[in-house]
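First to last, the protein sequences are chains P and G. Going left to right, the first sequence walks through residues 1 to 476 as my numbering numbers them. Going left to right, the second sequence walks through residues 1 to 476 as my numbering numbers them.
Don't read these hints as lab results, they were simulated from the structure. Wrong hints could be hidden among the right ones.
Intra- or inter-copy, both count: the list cannot distinguish identical chains.
What the hints assert, rightly or not - Cut-off 27 Å, straight-line C-alpha distance, at most; resulting in silico cross-link-like pairs (DSS-like, lysine-lysine): (1) Lys117 / Lys151; (2) Lys292 / Lys247; (3) Lys429 / Lys292; (4) Lys117 / Lys429; (5) Lys292 / Lys16; (6) Lys247 / Lys371; (7) Lys371 / Lys292; (8) Lys117 / Lys427; (9) Lys16 / Lys117.
Protein chains: 2
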Amino acid sequence: MPRLDDVLARLEADEKAGLDRLMDWLRIPSVATDPAHAEDTRRAARWCADRLREAGIDATVEETGTPDKPGAPVVWAQHAGAPGYAGPHVLFYGHYDVQPPDPLDLWESPPFEPVVKPAEPGGPGERVVARGAVDDKGQVSTFLDAVRAWKEAAGGVPVRFTVLIEGEEESGSVNLERFIESRASDLKQCDVALISDTGMPSPTQPGITYGMRGLVYTEIFLHGADQDLHSGLWGGRAPNPNSELVKVLAQLWDDDYRVTIPGFYDDVLPLADEEREEWRRLGFDQVEALRKIGLGPEADVGEAGYSAIEREWARPTAEINGISGGYTGPGAKTVIPAVAGAKVSFRLVADQRPERIRDAFFAWLTECTPKGCRWEFVDHGGGPPGNVARDSAHLQAARRALAGAAGGTEPVLIKSGGSIPVVGMLKEKLGLDTILMGFGLDDDRVHSPNEKFELDCWRLGRRAHTRLIGEFAGAD
Amino acid sequence: MPRLDDVLARLEADEKAGLDRLMDWLRIPSVATDPAHAEDTRRAARWCADRLREAGIDATVEETGTPDKPGAPVVWAQHAGAPGYAGPHVLFYGHYDVQPPDPLDLWESPPFEPVVKPAEPGGPGERVVARGAVDDKGQVSTFLDAVRAWKEAAGGVPVRFTVLIEGEEESGSVNLERFIESRASDLKQCDVALISDTGMPSPTQPGITYGMRGLVYTEIFLHGADQDLHSGLWGGRAPNPNSELVKVLAQLWDDDYRVTIPGFYDDVLPLADEEREEWRRLGFDQVEALRKIGLGPEADVGEAGYSAIEREWARPTAEINGISGGYTGPGAKTVIPAVAGAKVSFRLVADQRPERIRDAFFAWLTECTPKGCRWEFVDHGGGPPGNVARDSAHLQAARRALAGAAGGTEPVLIKSGGSIPVVGMLKEKLGLDTILMGFGLDDDRVHSPNEKFELDCWRLGRRAHTRLIGEFAGAD
Chain P
1 MPRLDDVLAR
11 LEADEKAGLD
21 RLMDWLRIPS
31 VATDPAHAED
41 TRRAARWCAD
51 RLREAGIDAT
61 VEETGTPDKP
71 GAPVVWAQHA
81 GAPGYAGPHV
91 LFYGHYDVQP
101 PDPLDLWESP
111 PFEPVVKPAE
121 PGGPGERVVA
131 RGAVDDKGQV
141 STFLDAVRAW
151 KEAAGGVPVR
161 FTVLIEGEEE
171 SGSVNLERFI
181 ESRASDLKQC
191 DVALISDTGM
201 PSPTQPGITY
211 GMRGLVYTEI
221 FLHGADQDLH
231 SGLWGGRAPN
241 PNSELVKVLA
251 QLWDDDYRVT
261 IPGFYDDVLP
271 LADEEREEWR
281 RLGFDQVEAL
291 RKIGLGPEAD
301 VGEAGYSAIE
311 REWARPTAEI
321 NGISGGYTGP
331 GAKTVIPAVA
341 GAKVSFRLVA
351 DQRPERIRDA
361 FFAWLTECTP
371 KGCRWEFVDH
381 GGGPPGNVAR
391 DSAHLQAARR
401 ALAGAAGGTE
411 PVLIKSGGSI
421 PVVGMLKEKL
431 GLDTILMGFG
441 LDDDRVHSPN
451 EKFELDCWRL
461 GRRAHTRLIG
471 EFAGAD
Chain G
1 MPRLDDVLAR
11 LEADEKAGLD
21 RLMDWLRIPS
31 VATDPAHAED
41 TRRAARWCAD
51 RLREAGIDAT
61 VEETGTPDKP
71 GAPVVWAQHA
81 GAPGYAGPHV
91 LFYGHYDVQP
101 PDPLDLWESP
111 PFEPVVKPAE
121 PGGPGERVVA
131 RGAVDDKGQV
141 STFLDAVRAW
151 KEAAGGVPVR
161 FTVLIEGEEE
171 SGSVNLERFI
181 ESRASDLKQC
191 DVALISDTGM
201 PSPTQPGITY
211 GMRGLVYTEI
221 FLHGADQDLH
231 SGLWGGRAPN
241 PNSELVKVLA
251 QLWDDDYRVT
261 IPGFYDDVLP
271 LADEEREEWR
281 RLGFDQVEAL
291 RKIGLGPEAD
301 VGEAGYSAIE
311 REWARPTAEI
321 NGISGGYTGP
331 GAKTVIPAVA
341 GAKVSFRLVA
351 DQRPERIRDA
361 FFAWLTECTP
371 KGCRWEFVDH
381 GGGPPGNVAR
391 DSAHLQAARR
401 ALAGAAGGTE
411 PVLIKSGGSI
421 PVVGMLKEKL
431 GLDTILMGFG
441 LDDDRVHSPN
451 EKFELDCWRL
461 GRRAHTRLIG
471 EFAGAD
């Protein structure tokens with residue numbers, strides 16, 4: 001058995017090359033949700049498989065979807081580990097697709113031309129800025145680099161593992177369930193999943209995430225006349241889909257920011273006093289978090305009766321992610337549009353099911369159909385909430401690896417309001433618990449212009465993955 | 001004095017050439033509201049001045065706006081008429097700018113490549129289809145052709161008139177008031193204004209419009225954080241401008257479709273029973289009008305207590321003409337946007353003032369500011385309602401000209417829900433009444449894809465303008 005220190009030394013020596021590799025990957029605009037980037041998306045998958053093969057892992061790029069409607073491919077690999085390996089069979093999951101980069105004019109440097117920016121006094125540390133820097137290429141790269149360091153320093157990765165890196169996480173993982181079912185016999189050999197797509201409290205305070213919210217993402221269109229109308233000739237005597245859509249959607253919340261869809265909270269569990277107290281002790285500073293995004297304390301709005309962190313981690317929400325109707329160009333156009341649309345998503349917690357919430361939302365809209373209008377509904381997918389056991393042996397191994405990587409600082413147990421649909425899916429389909437060991441920060445501008453990944457966090461991730469491989473393999 | 005019949009014969013002989021000229025004009029995309037079409041807009045103005053000069057009218061293209069912010073130019077001409085002319089000095093107003101053509105994909109032929117389509121059994125008659133076909137290039141062309149026929153058949157136009165054809169009618173006529181003030185001494189010589197930018201009940205039933213609604217057009221933006229946010233990490237703990245904008249705008253109407261802004265109805269006059277009865281006798285068929293735009297009778301929505309025609313002609317409204325915020329591309333993006341915006345306009349009646357309504361709207365919004373958000377307001381201009389005397393001698397002349405052009409069918413007196421800001425402006429600034437002699441039809445798709453002008457209506461307009469010139473000049 002090789003010494004862990006040798007692998008860590010190799011990892012450190014490879015740091016500059018590792019950063020160059022990440023920058024290469026970030027240059028590929030793998031916006032899988034946009035058909036114009038279909039070839040870029042495949043290219044990003046091949047790039048990832050190539051890096052795994054360089055580390056001695058026999059990775060392949062696997063098609064998803066149907067011949068009629070192909071999905072983004074999955075990067076797939078199975079690795080036996082060292083002879084006599086007695087630790088858990090680990091499923092490493094990540095995603096190589098990225099969010100659309102718009103609004104483009106708010107980027108200080110082009111989203112797919114990554115740059116390393118120096119630390120700013122009182123501001124962010126040294127960081128790489130690009131779409132996908134932290135979500136999720138940068139985080140996946142910390143695992144790829146750890147695997148490479150083991151290969152180079154020890155001749156191979158001692159742990160038995162399976163790799164599943166998908167390309168549709170940012171668009172609802174619509175083909176993932178079918179893919180997992182098609183590989184169920186292989187995947188059922190796994191003992192635990194490992195995902196690096198979450199955050200930690202600060203660059204010096206590592207964390208492990210034990211719960212994510214679920215997601216269901218819909219798009220709705222309200223149709224009126226079969227043509228755009230002149231608002232002078234028709235204003236006051238025909239329905240205006242813009243105005244009617246607004247009237248319906250405004251009723252989605254009550255004055256306490258609670259969602260009004262009947263049955264919406266049926267499968268939400270009450271928060272335990274113990275958990276609330278534990279979260280309170282984490283000292284999360286909502287006022288400071290709001291300040292960083294240009295808002296004052298009065299912007300701390302959300303469901304009545306819960307603190308900000310409770311609302312993010314343990315309460316469901318409804319959000320209008322996009323809305324569009326009528327004339328939106330420069331100047332004035334006096335039009336009543338034929339159709340208005342909105343993208344509406346829900347974050348789910350506890351036992352809420354995406355299909356049930358979607359159906360309840362569409363039923364509620366149908367109930368509220370404005371006179372003279374009709375609805376058109378689209379389901380963009382999602383996934384159930386992901387809730388992870390807090391006390392498994394695998395989680396203990398991750399805690400030790402993280403503490404070692406952070407110079408002895410014990411990680412805290414946190415949750416996230418974001419969604420990784422696969423967490424719930426792996427639990428349901430394969431009975432797998434997931435270790436969410438992530439390295440992002442709250443102000444990383446995930447999904448926004450100028451997304452960043454701080455290099456101290458990236459380095460911590462590389463060391464943590466290298467050490468976790470050692471933990472599972474019993475290296476010293 | 002030449003005989004009217006000679007001029008009408010010349011007009012008819014010129015018909016094909018006149019249609020070709022109109023098609024040329026329609027090919028110039030004079031979308032003045034869009035800075036990308038600034039040069040096209042000027043080109044359309046020059047085209048119009050050139051046609052007037054061909055008819056012996058000394059027309060010029062006059063700049064508007066300020067050096068910092070130039071407006072679209074005005075086509076301007078003053079013509080003395082025949083020696084000894086004793087009729088009214090007529091101000092002819094029209095506009096050569098057109099509405100933006102989007103949504104482009106709904107056009108059956110490109111908006112700026114005019115085509116003549118044959119009559120369809122049970123459908124529209126022979127017609128020219130293009131952006132601006134009827135609003136307002138086609139209607140202005142009926143006046144230009146009448147002037148040309150008088151020049152060619154009689155050596156000149158006997159009537160004293162001034163021409164003011166502007167290029168910003170579709171974007172709130174923002175520079176017109178200043179232009180009118182700069183020419184006030186000339187314009188005060190006029191006795192009556194003549195505008196052809198309205199409609200009539202059917203191709204065989206001419207009409208004169210004696211009232212238009214006013215307009216005020218605003219754009220509002222609701223700002224939240226200084227960056228787009230991840231809806232997982234921030235959903236439930238920061239304001240979402242999309243959702244908050246929707247909640248505020250939904251309160252703009254009560255359940256009876258009445259506008260809720262305090263004081264909004266203060267300057268609205270009650271409808272006289274006599275006028276309601278007169279309108280009822282016009283036999284306007286709202287169910288049939290809705291059917292033509294793909295809607296059933298249940299789509300007859302609007303302010304409670306008024307018929308459709310009363311709502312269009314005599315009641316004010318608020319409309320969301322455009323709304324936009326967050327991700328509106330294909331697929332899913334889980335974003336909370338930094339800003340959401342809407343274009344909101346109001347149609348005004350009776351004594352309502354655009355400035356007062358705009359101020360009241362902005363004050364109401366400010367009162368409703370969502371927690372943690374701030375507003376940004378833009379005024380895109382507008383104009384007061386236009387109310388015209390029903391019994392003037394000039395109107396009687398127009399009735400005779402129209403009846404003659406329509407083979408003896410007496411025109412009816414109607415109103416319009418649309419707005420021609422200049423009507424109110426001419427009354428206020430110069431004390432001028434306006435004759436609104438228009439030739440559009442309800443289903444002309446004004447401001448919509450596939451805008452049309454039926455050739456029977458165009459021909460009626462050419463004859464009516466030719467005859468009206470004769471009426472004023474005392475020709476027989």
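Contradicted hints - numbers only: Violated hints: 1, 3, 4, 5 and 8; rest satisfied.
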